[in-house]
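> Sequence:
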Amino acid sequence: PPSQFEKCIVLVLKYVLMVIWPLEILLFWLWNQLSLHFRNYLLTAFFMALVAIHRFFGIKTGYDPSLSYETHALSTMLWMGRYIPMNLSRIRLSLDSISYSYPPIPGIPVTQVSANGVEAYWISSGNNGKCSSSNGSSTETESSLDDGRRRAGKTEHRFQRQQRQPVIFWLYGGAFVAGSAKSNIGLGSTVGRRTGADVLCVHYRRAPEFTMSDAIEDAFKAYKWLVETRRPEEIIVLGISSGGGIAAALLQRILSHKMKMPAGSVLLGPWLAYSQVGNSIVDNTVKDLVVSPRIFEAVYPLMTDICGGEEERKRLSPFFGRVKGTCPIHISYSSIEVLTDECKMFASRLREEGVQVEEMCVP
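In this note's numbering, the protein residues as written are 1 to 363.
Simulated from the structure, these hints should not be mistaken for lab results.
The model shown is predicted, which means the values in this text are computed figures rather than measured ones.
Think of the CB as a built atom: it goes at the ideal place given N, C-alpha and C, for glycine as much as any other residue.
Please note that a few of the clues may not be correct.
[As the list claims (entries may be wrong)] Derived lysine to any residue pairs resembling SDA-like cross-links, with alpha carbons at most 25 Å apart: (1) Lys344 x Gly321; (2) Lys324 x His257; (3) Lys7 x Ile336; (4) Lys182 x Leu27; (5) Lys324 x Ile336; (6) Lys7 x Ser101; (7) Lys314 x Val282; (8) Lys60 x Leu50; (9) Lys314 x His257; (10) Lys182 x Phe38; (11) Lys14 x Val177; (12) Lys7 x Arg92; (13) Lys314 x Leu255; (14) Lys344 x Asp283; (15) Lys14 x Val286; (16) Lys260 x Phe320; (17) Lys7 x Leu289; (18) Lys287 x Val10; (19) Lys14 x Ile91; (20) Lys14 x Thr76; (21) Lys258 x Asn116; (22) Lys14 x Tyr300; (23) Lys258 x Glu352; (24) Lys182 x Val290; (25) Lys224 x Asn116.
[Unchecked claim] What follows is a list of derived Cβ distance ranges for each label pair: (26) Pro22 x Leu43: 21 to 31 Å; (27) Ser348 x Val286: 22 to 32 Å; (28) Leu23 x Gly81: 13 to 23 Å; (29) Ser68 x Val12: 30 to 40 Å; (30) Glu353 x Asn279: 17 to 27 Å.
Generate the whole structure from the sequences, applying the supplied hints.
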């Protein structure tokens, strides 16, 4: 349980933020007017100053004193967020920080596409920046989406089958209520360039405006669009956190439709069970630097609405769905995150069902 000190700080901040609410909206607006690269510069400068302070005074706030000062500084920076009461706009703003933590990489073209009606971004990181439309012409957009302005309209693109680069089918995280495909472009570009793969970053519909069923349907529609031009054995389905849950649900949907499985799937800290199956989802909020008690308090009570009803929580949980016959799956998670227990149990269940699984648990 939170200490009295923590409760007091949270209560004070709650009333302070209520009073300065108009100023908060103005500050959000001003921050979003800055380019992604300038925001990245400010964030980097702040972080380096924090690292210098930790190194000078020997401050070690991480869980393991042997960790680098950079890690301790990051722990301190994220720990500050534990005291800020969360609402939808604050959660979305915090998750969009990934867009300037990993801004788009110059030289890697990004094309906005409509994947069976689902908004997505094709990152040409595996083919020297070339993509082809159905009529054979090349269509590219600047990778500098850092100012948030769209460089290309919503058009249908078909990428030639002759291009044999693997494709990462990317499903972002954000507790089903936040995050976006656009904010993941820079991170997707980084991963794509390092792995030699193109990336299709899918913007599935988010709660509370839509339900989880809508998000899963969007992922399935986008996947069907992709396999029209890429062979399943060329595709890796990657999901982060809540996106990991959607990725697992997508694999189960592919199974139920008797479609060919992708080459494999990577689930990074996946949220797989929407009714409690372990203690870590409650106990580890005091340790998890991302899903803090404030995030948990804001999101978990909404799960019934996010799933579309209490009876849907278990049905939509990939944790309980069919897994026998799915492609090889890699699951990575931390021993101190809220999803530790369900990730461990899901990996065990995959093995029992004969699925090839690689499990990585880090401190």
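> Given the hinted pair Lys344 and Asp283, is their Cα-Cα distance within 25 Å?
Within the cut-off at roughly 16 Å; holds.
> Next pair to validate is Lys314 with His257; report whether the Cα-Cα distance is within 25 Å.
Roughly 21 Å between the alpha carbons, so the hint for Lys314 and His257 holds.
> For a C-alpha distance cap of 25 Å, please report whether Lys7 and Ile336 respect it.
Between Lys7 and Ile336 the Cα gap is close to 22 Å, so the pair holds against 25 Å.
> Decide if the proposed pair is consistent with the structure: Lys324 and Ile336, CA atoms, cutoff 25 Å inclusive.
29 Å, violated
> Please check whether Ser348 and Val286 have a Cβ separation lying inside 22 to 32 Å.
Cβ of Ser348 to Cβ of Val286: about 25 Å, so the range 22 to 32 Å holds.
> Between the alpha carbons of Lys314 and Val282, is the straight-line distance 25 Å or under?
Status holds; Cα separation ~18 Å.
> Need the status of pair Lys287, Val10: alpha-carbon distance at most 25 Å?
17 Å, holds
> When you check the alpha-carbon spacing of Lys258 and Glu352, does it fall within 25 Å?
21 Å, holds
> Take the C-beta atom of Glu353 and the C-beta atom of Asn279, compute their distance, and say whether it sits inside 17 to 27 Å.
24 Å, holds
> Would the pair Lys14 and Thr76 pass a check requiring their Cα atoms to be no farther apart than 25 Å?
21 Å, holds
> Taking the Cβ atom of Leu23 and the Cβ atom of Gly81, is their distance within the range 13 to 23 Å?
19 Å, holds
> Holds or violated: Lys7 and Ser101, Cα atoms, limit 25 Å.
Since the Cα atoms of Lys7 and Ser101 sit roughly 30 Å apart, the hinted pair is violated (cutoff 25 Å).
Violated hints, in rising order: 5 and 6; the structure is consistent with all others.
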